[in-house]
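Listed in order, the protein sequences are those of chains A and B. In the numbering used here, each number is its position in the first sequence, counted from 1, plus 2. Here the numbering used here is used: position 60 in the second sequence is 56, and no number is missing along the way.
The hints are simulated quantities; they were obtained by calculation from the structure and are not laboratory data. No experiment lies behind these values; they were computed from the predicted model shown. Hints may contain errors.
Stated by the list, open to error - One side only, chain B facing chain A, incomplete, derived with CB under 7 Å:
hint: 1; residue: ILE(-1)
hint: 2; residue: THR2
hint: 3; residue: ARG10
hint: 4; residue: ASP82
hint: 5; residue: GLU84
hint: 6; residue: VAL88
hint: 7; residue: ALA89
hint: 8; residue: ILE91
hint: 9; residue: LYS200
hint: 10; residue: ASN202
hint: 11; residue: LYS246
hint: 12; residue: LYS247
Built from N, CA and C at the ideal position, the CB exists for glycine as well.
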Amino acid sequence: MNALEVVDVKKTYKDKVAGRPVEALKGVSFSIKPGGIFGLLGPNGAGKTTLIASITTLEEPSSGDIRVFGDSVLSHPLKTKMKVGVVHQEVINTGFFSVSEILDFQSGYYGIYKNKERCDYLMQKLSLYEHRHKKVKQLSGGMKRRLMIAKALVHSPKLLLLDEPTAGVDVGLRESLWKFVYELKNEGVSILLTTHYLEEAEQMCEQVAIINKGELLYNGTPKNMIADYSQKKMILTMKNGNVHQFTESQKLGISDVLAKHHVDINQIQDIKIEEGRLEDAFSKMVAL
Amino acid sequence: MIIFFTLVRREIKRFLKVVIQTVISPVISSFLYLLVFGVSLGSSVQLKSGIPYLSFLIPGLMVMGLINNAFQNSSSSVVTSKFSGDLEDIRVAPIPHSYIVWAMGLGGIIRGSLVAMVTGLVGMAFHYMQLSEFLWIKHPALLLYFFITGGLMFAFLGIFVAVLANTFDQLSAFSSFILLPLTYLGGVFISIESLHPAWQFVSKLNPLFYLINGFRYSMLGESDIGIGSSILVTLTGVAVTFAMASFSLKKGSFSRW
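Please construct the entire structure, taking both the sequences and the accompanying hints into account.
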């Protein structure tokens, strides 16, 4: 059973300014296997947040279905919500309550009474324990992000949705957050994340989907995507001092490139290869 | 039930965190109304029913405290949640809409009742000092009924207005242009017996008139309208506003301001 199945999801809403219908999602389909990290990538306004909002029932799809561990979010929303944790893109700004109160309430929303052990564990894990009596407005941006992650995990969800969790976060915190995400994956949590840091997506995700203007452009492994949509650069320094630079498909091996350009291997002094990156493949795909 | 009581607990904790703004401030307003209208001006007002004006005013001010605070409690809860993003958290959690509506309703009753009861106690103290007699509640069970229905009605209305409002301005416009006139014209300060028949007819179209008179009957045993009508209208009011609040949660936007 898949952790998440998105089946031909379409979402149309009326643009309040222009007054015309806008297709935010145009029949998006993909699935996520349990226990993996899945990257949902796309430029701003591609439809990522709308899709996450549809999974969490903040938005209702115009058509199609979304299933979480086999249950439809449309027909069994209360059941699927128990299995999902979500970290929204925008930082929370609750003015009234402290960190520990917020986690206590969040536990209660999922029907968990006296969840202190889990809340303390999450606060310690996310370096929030010493700030547990502080109100949200007293926290730094990074602490607020960590609090959002803690909130999403109080009920030990099987599927975690991270909508740009590292937006505006410094390098150190980003690294610690990703480390924690890996730990969650190792605990068996399935993770869907959206991020603009493609280098991170390349390292973290076993599978990625590219979405642009509401359409799914690609769904597969980052490795295959790089192979299919990016090129590698080969820089040859010849014994006579000449330098040749070739940009070729990722799929071609060194010997293929040398043969293609009639380069005598015996005349080569040095070879440098710059492999294609997910970012290159993404740029090419989105520009198509 | 854990989910429901968590929501109720949150509602109560929220308004207690800002108790000066949510409880003390409205009580001071009511105190001033009692002092100025009830004690100072009240002695020169003669009601046809023969009830002292101060006695007449106390239930009206209690209703005003109840409904304003019930409305403000739920509407400010929704609005601050829209700002902070809490509403999204509640929406993505496995919480049935009916729990949200009833929890906010209960929160509204508690805050509204707190203000109304303190207003009532202060009023009774004034009553004893001014008239040298206690203001005994004639029908306590009925009073409880009107506390519950009045609080629920306006807490539900607060949810409806706040969920559908897109700006603070819209929320404030509802309070200023609809709630406030209905309150004042519903008979908080006046008895409709002193009005022209045409205005008496208009007053009877105002649901608040029935709530205020229900309160007045419960406390004094006298009112401008039969108690049966008050019970029926307030009960209908609760059902209608509950439907409105549920509709707003189902169809309204949960996105952040």
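Hint by hint, here is what the structure shows:
1. Taken as an interface hint, ILE(-1)/B checks out: its beta carbon lies about 5 Å from the nearest beta carbon of chain A, inside 7 Å.
2. Because the smallest distance between the Cβ of THR2/B and any Cβ of chain A comes to about 3 Å, under 7 Å, the interface hint for this residue holds.
3. Interface restraint check for ARG10/B: the shortest CB-CB distance to chain A comes to about 5 Å, inside 7 Å, so the restraint holds.
4. Hint on ASP82/B holds. Least Cβ distance to chain A is approximately 6 Å, under the 7 Å limit.
5. Given the 7 Å rule on beta carbons, the hint for GLU84/B holds: about 6 Å separates it from the nearest Cβ of chain A.
6. The restraint placing VAL88/B at the interface with chain A holds, with a minimum CB-CB distance near 4 Å, inside the 7 Å limit.
7. For ALA89/B, the shortest C-beta to C-beta distance to chain A is roughly 4 Å, which falls under 7 Å, so the interface hint holds.
8. Because the beta carbon of ILE91/B sits about 6 Å from the nearest beta carbon in chain A, less than 7 Å, this interface hint is met.
9. Of the supplied interface hints, the one on LYS200/B is violated, with its beta-carbon coming no nearer than about 40 Å to a beta-carbon of chain A, more than 7 Å.
10. The beta carbon of ASN202/B comes no nearer than 34 Å to any beta carbon in chain A, farther than 7 Å, and the hint placing it at the interface is violated.
11. Restraint check, LYS246/B versus chain A: the minimum CB separation of about 10 Å is more than 7 Å; hint violated.
12. For the restraint placing LYS247/B at the interface with chain A, the shortest Cβ-Cβ distance is roughly 10 Å, beyond the 7 Å limit, so the hint is violated.
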